[in-house]
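Undergrad: Next come the chains, spelled out residue by residue.
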Amino acid sequence: MISPELLLQNSVDGIFLGLFYSLVAMGLALIFGVMDIINFAHGDLLMIAAYFVWLTSVDLSVDPTLTALLLIPLFFIIGIGIFFGMIQPVLGKEPLIQIAVTVGLGLILQNIALAMFKAQPKAVPYSIFNFSYSLGPLTIYASKLFIAVISIVTMYALNVFLNKTYIGLAMRSTTDNREVAQLMGINTRMLYAVTFGLGVALIALSSSLWMTFGQVQPYLGTSFSLISWVIVAMGGLGGITGVVYSGLIVGVAESLGSLFLTPSARMAVVYIIFFLVLWFRPRGLFGRR
Amino acid sequence: MKSVSSTAIIAIVVVVIIVAVAGIYLASRGGAPSTTTPTTTTTQKTTSPTTTVTNTSAYPKQIYIGLVEPLTGNYAVFGQEAQQAAQLIVDIINNELGGIKSMGGAKLVLVTEDAGGAPETARLAAQKLISNYNVPIMLGAYVSRFTSAMAAVTEQNKVILVTDALVDSLTQQGWQYIFRVAPKASAHGKAAADFVLDMAKKTNTTIKTAVVLNEDSIFGTSVANGAVLELVSNGVEIASHITYPYDISDVTPIINQIKQLNADVLISVPYFNDGVLIAKAIKASGLKFAFIAGAGACGYTDPDSIKAAGDAVLYYTNTYSYNPARPTQWNQKVVSAFEQRYGKMPTEGAGIIFYSLMTVYEALEKAGKMFPNDPLSPDHLKAAFQSLDLNDNNSIAAQLYPSGHIKFDASGDNLYPLTAILQVQNVNGTLTPVVVWPEAQPGFSPIFPRPGWTQTK
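Top line first, the protein sequences correspond to chains D and R. Each residue of the first sequence is one higher than the one before, counting from 112 in this note's numbering. Each residue of the second sequence is one higher than the one before, counting from 13 in this note's numbering.
Quick caveat, the hints were computed from the structure, so don't treat them as lab data. Please read all numbers here as calculations on a predicted model, not as lab measurements. All C-beta atoms, glycine included, are put in the ideal place defined by N, C-alpha and C. Heads up, a few of these hints could be off.
Unchecked claim - Chain R is nowhere near these chain D residues, computed Cβ spacing over 12 Å in every case: (1) Val123; (2) Ile188; (3) Lys229; (4) Leu359.
As the list claims (entries may be wrong) - Per label pair, the in silico range of CB-to-CB distance: (5) Pro393(D) / Gly247(R): 56 to 66 Å; (6) Ser172(D) / Gly355(R): 56 to 66 Å; (7) Gly355(R) / Leu389(D): 48 to 58 Å; (8) Lys214(R) / Leu246(D): 35 to 45 Å.
Claimed, not checked - EDC-like mimics (lysine to aspartate or glutamate), calculated; alpha carbons at most 16 Å apart, straight line: (9) Lys271(R) / Asp170(D); (10) Lys229(D) / Asp206(R); (11) Lys113(R) / Asp316(R); (12) Lys229(D) / Asp316(R); (13) Lys319(R) / Asp170(D); (14) Lys271(R) / Asp259(R).
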C-alpha cells in the first residue's frame with residue numbers, strides 16, 4: 112500500500128529530477144534544432160565535463176557547483192573547437208556521416224576516460240548541499256532543490272537570450288528555415304559555432320550540478336544520451352517549453368515508475384509514455400516541424 | 013559478356029571465401045603454440061595439443077594459463093584488478109617459486125582476453141584462448157552471467173575453469189571441470205546477517221526488522237537471498253526486499269521508500285556505482301539505522317568507494333572473500349608486493365585471484381607428481397584439483413585464504429569457505445577499512461550499533 116505522503120514525496124522528487132533532465136537535454140535541443148546535427152556524443156561530453164568537475168573539486172577542495180564558473184567558459188571554447196574541427200567538415204553531408212562522426216567522438220571520449228581514470232566510479236565526497244530538511248511530510252533534498260532552481264533560472268535566461276537578443280533570434284530563424292535565414296544575411300557558420308559552444312557549455316553546467324549527488328564513470332554518458340534524445344524527440348522542436356515539459360514528464364514518470372512498479376522497471380514507464388506521445392503526435396508535444 | 017563477367021565474379025568470390033575459411037582453419041590448428049613443446053624430444057606424438065609424452069623429462073617449457081575478465085565496460089574495475097593480481101602471482105610463481113617444479117620448472121604464461129560487457133563476448137574470449145593457446149586451465153570471469161557463458165565453452169573443451177564469480181548456481185549445473193575457491197554468494201549474505209545478529213546479541217541491541225536491498229542481477233539476488241534466509245530463521249522480520257538495476261542513477265525513490273519503513277537494520281548488496289549513490293543518499297536523507305551491513309564484497313569498504321563517498325560510508329561493513337589483514341607470511345608478502353607494484357591495497361577482486369591462481373599452482377605441482385606422463389590432460393588435472401587438501405602449513409594458497417583451508421567438494425566448491433567482515437572506521441583521521449569479524453584486526457573491534465542511533469522500541 113503506497114501512502115499519500117510517499118506518493119507526494121516521489122512526485123516532488125520527480126519534478127526536481129525532470130528539471131535537471133531538461134537542462135541536460137537543452138544543449139542537445141539547441142544543437143539539433145539550429146544545426147540539424149544529431150550529436151550522439153552529447154552524453155559523453157557530459158561525462159568528460161563531470162570528470163573535470165571531479166578533478167577540480169578534489170584538487171581545489173571546492174564544492175562541485177563552484178566548478179561551473181570555470182567549466183562553462185572552458186567548455187564553450189571546447190564546443191567551438193569541436194565544431195570547427197569535427198562538425199563543420201560534415202555539415203551538409205549525408206546524415207549517416209554526421210552520425211558516424213559524433214558516435215566516433217563519443218567512443219573516443221569514453222576510451223580516453225577509461226584509459227585516464229580507469230573504470231572505478233569517481234564522486235566528490237563532499238558538497239554543501241548534501242543534507243535534507245523536512246517540510247511537513249516531505250523530505251526536501253538540498254542538492255535536488257538547488258539543481259531544480261538553477262535549472263529553472265538557466266532555462267529562463269536561455270529563453271530571454273533566444274527571444275530578446277540578435278543571436279537568439281538568429282538561432283530561432285535558422286531553426287525555422289535555414290535557407291531563408293542565410294538569405295537574410297545571417298552568418299550561419301559563426302552561428303553554428305556559437306550554438307555548438309553554447310550547447311556544450313550547458314552540458315558543463317549540468318555536470319557540475321550532477322556531481323553534487325551523482326558520480327562519474329566512463330560509461331555514464333550512454334544513459335544521459337538516451338534520456339536527452341527521448342526528451343528532445345518528445346518535446347519537439349518548439350523551443351524551450353517543449354524540452355521543459357518533456358523533461359518533467361520523464362522525471363516524474365521515472366520517479367513514480369520506481370514507486371509503483373520496481374526501480375528496475377522505471378525506464379519502461381518512460382519509454383512507454385515516449386512511444387505513446389510520438390504515436391499520437393509524431394512531431395512531439397510542442398513541435399512546429 | 014555481362015553475364016559471363018558476373019559469373020566470373022561470383023566464382024572468384026566463392027573461391028576466395030573457401031580459401032579464407034580453409035586458411036583460418038589451418039592457421040588455428042597448426043599455428044597455435046603448444047603447451048607441450050618439449051625441451052628434449054625423444055619419442056613424441058605431435059598430433060594433439062595435450063601431447064602424451066613418453067619421456068618424463070620432456071615437460072613443457074611453459075604452460076599457458078587463460079584469464080578472461082571484463083577489462084572494459086561497466087565491470088572493468090573488477091577485471092582490471094583481477095588482471096593485475098594474476099600477473100603478480102604468475103611472476104611470483106615463475107621467479108620466486110621456480111615455476112612448476114614437478115614439471116621440470118615449467119613457467120606459467122598468463123594470456124588474457126577481455127570479457128567485455130556481455131556474456132557473448134566472454135564466451136568468444138574463452139573460445140579464442142582455447143583456439144589460440146590450448147590453455148589447460150582458465151580463470152574468470154568475475155561476473156556470474158559472463159562466467160556461465162564462458163563455462164559452456166570450457167566444459168565442452170574440457171578446460172579446467174577456476175572461477176572468481178560467486179553465484180551459487182555456477183557449481184550446481186553438473187559441470188565436471190569447474191572449481192571455485194572463493195565463498196559463494198549465499199555465504200556472503202549469510203555472513204552479513206550472522207555478523208549483525210552476533211553483534212546485536214553481544215551489545216544487547218534488539219533487532220526486530222530489516223530491509224534488504226540488492227542490485228537485481230543473479231549475483232545480487234543470490235547474496236540477498238542468503239541474508240534473508242538467515243535473518244528470517246533467526247526471527248527477524250523482513251520489512252521489505254527491494255531490488256534495483258545496477259546502473260541506477262538516482263536512488264532517491266528507493267531511499268524515500270525505505271524511510272517509511274522504520275526498520276532497524278539495512279542489509280545492502282551493491283556493486284560499486286550504486287554503493288556510493290546509496291551511501292550518499294542515506295546520509296543526505298538523515299535516515300538512521302541501528303546498522304547498515306553491506307554484503308557481496310562490492311562497494312562501501314573498498315578504497316575507491318571510500319574516496320568517492322567520504323564519511324557517508326563511515327561504520328558501513330561489507331563481506332569479503334579475501335582478508336588482506338590475515339597475518340600469514342605469504343599473505344602479508346603478496347599484499348605488500350601488490351601495493352608496491354600498483355600503488356593501492358588489493359581488494360576482493362585481486363584477493364580471489366591471489367588464492368585461486370596459487371591453488372592452480374598447487375594443482376599443477378600435484379598433477380606433475382601424480383601423472384608424470386601426462387600431467388596436463390583434463391581428467392588428470394581434475395583429479396589433481398580434487399585431491400588437494402591445503403592448509404596454512406602445507407601451501408601458500410591456504411595462507412592467502414580467509415579460512416586457511418582449501419579442499420573441494422564434489423561440485424567444485426571449497427568445503428571451508430569463510431568471509432571476513434570489513435568495517436570503515438576513522439583511524440587517526442583517515443577512513444580505513446579494518447577487519448572486524450570473525451576475528452578483528454589487532455587493536456580494533458567492531459563498532460555496533462551505529463553511533464547516533466537510539467533504540468526506541
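Undergrad: Give a verdict on every hint.
TA: Checked hints:
The claim that Val123(D) is not at the interface with chain R is violated, since a C-beta of that chain comes within 12 Å of its own (minimum 10 Å). Residue-level check passed: Ile188(D) sits 28 Å from the nearest beta carbon of chain R, beyond 12 Å. At roughly 6 Å from the closest C-beta of chain R, the C-beta of Lys229(D) falls inside 12 Å, breaking its exclusion from the interface. Even its closest Cβ contact with chain R, about 15 Å, leaves Leu359(D) beyond 12 Å, as expected for a residue assigned away from the interface.
At about 58 Å, the beta-carbon gap between Pro393(D) and Gly247(R) stays in the expected band of 56 to 66 Å. The beta-carbon spacing between Ser172(D) and Gly355(R), approximately 22 Å, falls outside the hinted interval of 56 to 66 Å. For Gly355(R) and Leu389(D), the hinted distance range of 48 to 58 Å is satisfied, since their beta carbons lie about 51 Å from each other. Distance hint check: the CB atoms of Lys214(R) and Leu246(D) are about 40 Å apart, consistent with the given range 35 to 45 Å.
About 35 Å separates the Cα atoms of Lys271(R) and Asp170(D), which puts this hinted pair outside 16 Å; it is violated. With a CA separation close to 35 Å, the supplied pair Lys229(D) and Asp206(R) exceeds the 16 Å bound. Restraint check for Lys113(R) and Asp316(R): the C-alpha separation of about 39 Å exceeds 16 Å, so the hint is violated. At roughly 11 Å between alpha-carbon atoms, Lys229(D) and Asp316(R) fall within 16 Å of each other, so this suggested pair holds.
Our distance criterion of 16 Å between C-alpha atoms is met by Lys319(R) and Asp170(D), whose separation comes to about 13 Å. This hinted pair does not check out: Lys271(R) and Asp259(R) have alpha carbons roughly 22 Å apart, beyond 16 Å.
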